[in-house]
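Protein chains: 4
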Amino acid sequence: MIIMKTDATKEQVEHVVKEIRSFGLRADVSKGAYKTVIGLIGDERKIPFDHFAVLPGVKEAMRVEIPYKLISREYSKFFEGVSEGVVIQVGNIRIGGDEPVFIAGPCAVESKEQLFKIAEGAKKAGAHILRGGIFKPRSSVHSFQGLGGKSLEEAEEALTWLYEAGQKFGLPVITEVRGESQVDLVAKYVDIIQIGARNMYDQDLLTRVSNKGKPVLFKRHFGAGIEEFLSFAEYIAAEGNKNIILCERGIIPIGKGKSYTRYTLDLGAVPAIQKETYLPIMVDPSHGTGRRDLIFNMSCAAIAAGASGLMLETHYDPAEALVDGPQTITPDELKDVIDTCQKIYQLTMSRRNAS
Amino acid sequence: MIIMKTDATKEQVEHVVKEIRSFGLRADVSKGAYKTVIGLIGDERKIPFDHFAVLPGVKEAMRVEIPYKLISREYSKFFEGVSEGVVIQVGNIRIGGDEPVFIAGPCAVESKEQLFKIAEGAKKAGAHILRGGIFKPRSSVHSFQGLGGKSLEEAEEALTWLYEAGQKFGLPVITEVRGESQVDLVAKYVDIIQIGARNMYDQDLLTRVSNKGKPVLFKRHFGAGIEEFLSFAEYIAAEGNKNIILCERGIIPIGKGKSYTRYTLDLGAVPAIQKETYLPIMVDPSHGTGRRDLIFNMSCAAIAAGASGLMLETHYDPAEALVDGPQTITPDELKDVIDTCQKIYQLTMSRRNAS
Amino acid sequence: MIIMKTDATKEQVEHVVKEIRSFGLRADVSKGAYKTVIGLIGDERKIPFDHFAVLPGVKEAMRVEIPYKLISREYSKFFEGVSEGVVIQVGNIRIGGDEPVFIAGPCAVESKEQLFKIAEGAKKAGAHILRGGIFKPRSSVHSFQGLGGKSLEEAEEALTWLYEAGQKFGLPVITEVRGESQVDLVAKYVDIIQIGARNMYDQDLLTRVSNKGKPVLFKRHFGAGIEEFLSFAEYIAAEGNKNIILCERGIIPIGKGKSYTRYTLDLGAVPAIQKETYLPIMVDPSHGTGRRDLIFNMSCAAIAAGASGLMLETHYDPAEALVDGPQTITPDELKDVIDTCQKIYQLTMSRRNAS
Amino acid sequence: MIIMKTDATKEQVEHVVKEIRSFGLRADVSKGAYKTVIGLIGDERKIPFDHFAVLPGVKEAMRVEIPYKLISREYSKFFEGVSEGVVIQVGNIRIGGDEPVFIAGPCAVESKEQLFKIAEGAKKAGAHILRGGIFKPRSSVHSFQGLGGKSLEEAEEALTWLYEAGQKFGLPVITEVRGESQVDLVAKYVDIIQIGARNMYDQDLLTRVSNKGKPVLFKRHFGAGIEEFLSFAEYIAAEGNKNIILCERGIIPIGKGKSYTRYTLDLGAVPAIQKETYLPIMVDPSHGTGRRDLIFNMSCAAIAAGASGLMLETHYDPAEALVDGPQTITPDELKDVIDTCQKIYQLTMSRRNAS
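Residue numbers (my numbering), protein chains in the order written: chain A, 1 to 355; chain B, 1 to 355; chain C, 1 to 355; chain D, 1 to 355.
Calculated from the structure, these hints are not laboratory results. Hints may contain errors.
Stated by the list, open to error - With a cut-off of at most 16 Å between alpha-carbon atoms, the simulated EDC-like pairs for lysine to aspartate or glutamate come out as follows:
(1) Lys188/B - Glu153/B
(2) Lys124/D - Glu333/D
(3) Lys275/B - Asp293/A
(4) Lys275/C - Asp43/D
(5) Lys35/A - Glu14/A
(6) Lys258/B - Glu227/A
(7) Lys258/D - Glu65/C
Computed from a predicted model, the values in this text were never measured in an experiment.
Construct all of the structure, not just a fragment, from the sequences and the given hints.
This is how it looks when you write it as structure tokens:
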């Protein structure tokens, strides 16, 4: 990491960047109100920091070893205002701010009518962002693959519904992208691009999504440790896009016998991650439990643990949903969750990321 | 399970019990205000339920397959008042009632002075029960094994301190028992006997502790699934003692790389277990996180998830503690936790076990 | 699954396929010497099997529920000769036949000279197939990403080296593809396309690779159960390409404390998988142990467990390798492994897949 | 660790031991042909090694930090002949020597006749040691608990059968002890005392068993890492009994979906453990797979990985066994396993513990 002097010139910054490139690395330039900090992307072991420390305009040059340095508190503490956590703005919605944020909608978009009916219910219940799956990652090729499963044309039609529902109900929209070939299309229609748990390790996808410049909701793989999760978020940050919303959605259950929850929601990861990074983190209790009857409790627990918001699968008739019905709640249940969670958010405000 | 008629006589109940024994099983007789229910302990596949169904005084005879039937909701629904969860009473303290319960104290008792000073702080902070480890399960034979590690005489001296501290500050006391040979001694001095995570599978210990008739705090092993946890709690219930307080304290973290929490607190297990059993469940965020700086958040999360209370390692000077200092909080921090948790408990009251 | 009569005509088969499509599913047509079997791709719950059973030319129509039916023994038992396991032929090399197959080469191709020198050593040691990583999946964006990490042009140059080394030493070649955008390029140069553990869930990549028609080496993700692994292999098979070589390379270690192996090689999965599918399975002890000093033992164990071959990272100077040096062996060590493994393969021949 | 000079006197050794005790630690004195090595049991951080280095007769005094130092190669390398691994002698049987050792017999002793019939079959098949479970650790209190489950009297009768069967067929015998109260009884009748996986953490049991002075077969818990496993074996060694046979029997499977093996046999642990300790390690493929049809393959794999022998559940009619039938093999199958494993043992001799 190279910290420039307060009065460093644009030319001095450019010179440092050029020098970094000459060693085969890339540079991440963050300009604050008072100073500029340059992060190095690549293997720092090749870099002579003594040499950089005496370049014109440089105040300090130091090695940072952690694999997620660009999104780390270590890095952000040299910025003003960021060290306490960033707020990611999507339309009027502030993720990581003084109110919890709720993303709701169907697991899979099934029809325009279904989507609009759910969007209306979600809006009334107090949700802030509308979700709807179009490219569905499925464990079996023999299961319904989402409306995006057959052709990009059908996917585009569903994406326009999502866009229109967002417009009609005043909700920013989010959907998941599953492969590189879908990125351009999805980016045209949504406010936030989601990278699902199964794609967490897919570094080429991460790079391509990051370059679209839109906020990214990035889910932890169910087999990934925290260090891995943050190290792959770094792939997004390394392209210059730091509008990253992390999301915990449960890890593989261990232990013999019947599994009582679909995954094990690792809520301890929420405050642990907040000690490491300035990015906000949300929780998905739908996948994290797989059980509608546990959603209320685990939503409250997630907010109490420090989450900036929740993603909740919602449907007016869960039993009818083509995908994930058993973990889907109704708009009425959503309203209960939101009401109680808002109170818990305020009660635990002093221990949140951005405070 | 045999459900007796409302007007079944004592002789009819005894006759059924005798019949059960003739098939090599044991009987668990639960008498309610209106009816008596008899649970079968052993392999029910040998039992001719048709035969039992027509015995005098029998209303219904049915097979129950789950391995934790005596503590199951399936079983309790035939009792009046129990189906919503039992309250376990220890002195004036009600675990599973309309207030959360906090157990606090040092990981290991080190001296009489240390224990009394911590007990005083815990009491002032609002704790309800005093803990103090005397027989310490340790991963290394080369580590401090607790004051009970050298001889039963030294253990007994430490137990009297615990007893006296409880008396002085008006706090029921609890300590852990680690082997069969310690049970008689420990039972003389404490109000609740704790069986630690590492001993969860130790069925001979469970049996012996149960027979003391005192309430048992039973911790889940860090490698155990929920079904195993409840199946071993059944060993305690099978001896006739159903004053069992379950306790989630974290499972083995999975995922590559550095572990950011000592264990993974499985808070989803809290409401999941409450759907299965009428017993109350507490959470231990000290072991569950291993990090003092995460205790506040995870305490709030545990209560929000539905826990009936918390067990928290407390010390006036955590850095000085011989065992588990990094996960120990001060009495002042404890007070903060208790105050916020009490508010969250009320907010989420409608989704608790006993309501 | 639809089994056609021995004398079913081409028209009758086509009619059945057309009917299947009319229900929104796809058809997998396998023609044997005596009969044709048609697998259904998609949700069979919508299919009226009674209707299909009486179509002209149909002998039997039945529902198969397992999510990996196209690669299952259940499916293959209707073919002649396949039920004992298929042999996948690559040039003169037979994977799953009466000799074990060894894939060797550097973790990452670093230069033409390095690759040729290793290829020569591997050939002399008795290896059958040459590997060399060009697109490297890495846990950190700050680590060396392989020669394919910078541009497709540099990647193509490295691919030509791999092709030429294969030609020169008479070894079929294999490399890993990491994203959809690399598939066309890679397919031009290699004999087998590898899909790495981190991409196991990447169904769009699987589909695209399958369509190239070349044999695919498909690695199990370190967080995936066997059912998931086979269900994703089914995505490859569903495109009509059944030249799939499965590969076990280790799962996430569990348990507290230091990890003595990089991953936990799940050798029990080898015979367990062979009971489920007719596809051959190989093992990668390099990633599975992460330790050069354990490779010999675990190579022998893998073959004894029933593996059809091994993939081994090899370098003339492991300490110099840019990636994975600690788990890399020399050509001399490779020779030792191959010699002993061949003997063990023969000793345990009667319990292998294809026998 | 204190290494005495070759000519150190008995008095000098005693003086060092006395000094160690004055610091609150215990001493483990190992006398070799040429020199004596003294291990310290307890927290070495309190010890002034400089002071010990200049005591009369002391050659070297050094801190050893690993939690399993008494059983470590680090410790053993100061002994002659031990550094390559010890051989544990039971009657004429040598565990860790130049032949693999096979322990066979029923999961649970059911009757004298059953035991004798199985013992005869095991002997004919080539087994070396007879096993038979009397105190059965079971996941459910409602399952058959072994003949020791009802009373110590019935247990003693079954123990005499085991003793007599061993005498009749010339096989040393082993059984499992589950609680402290069973140790004295079991030690009277068997040649090796087994501590099962579920009791691995039960340090009071370990201590009591060790003090009987008989060889101990010590199984790894299914949730334990290697470091924990060895650290608990150290509890046995700390009592002065180093006749410890380690045993890998499978860890908890991870991954979603159906479990194809009962546990995940961690064969990589076998050579990894042999790099850490001089003790021999065996493998139990019966529990490790839970499947009779995988036993042959995984037995061969275990021996190839470096195991000194196997423990195999055997019954003349597996379908009839009261416990663990699905993972039990017949004497004929046992013979096949033994014959092939002996050949693999010889083939891989150069990489074994004791060579």
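How the hints compare with the structure:
no., hint, result
1, Lys188/B - Glu153/B, "holds, 14 Å"
2, Lys124/D - Glu333/D, "holds, 12 Å"
3, Lys275/B - Asp293/A, "holds, 9 Å"
4, Lys275/C - Asp43/D, "violated, 51 Å"
5, Lys35/A - Glu14/A, "holds, 14 Å"
6, Lys258/B - Glu227/A, "holds, 6 Å"
7, Lys258/D - Glu65/C, "holds, 14 Å"
When each numbered hint is compared with the structure, a violation occurs for hint 4 only.
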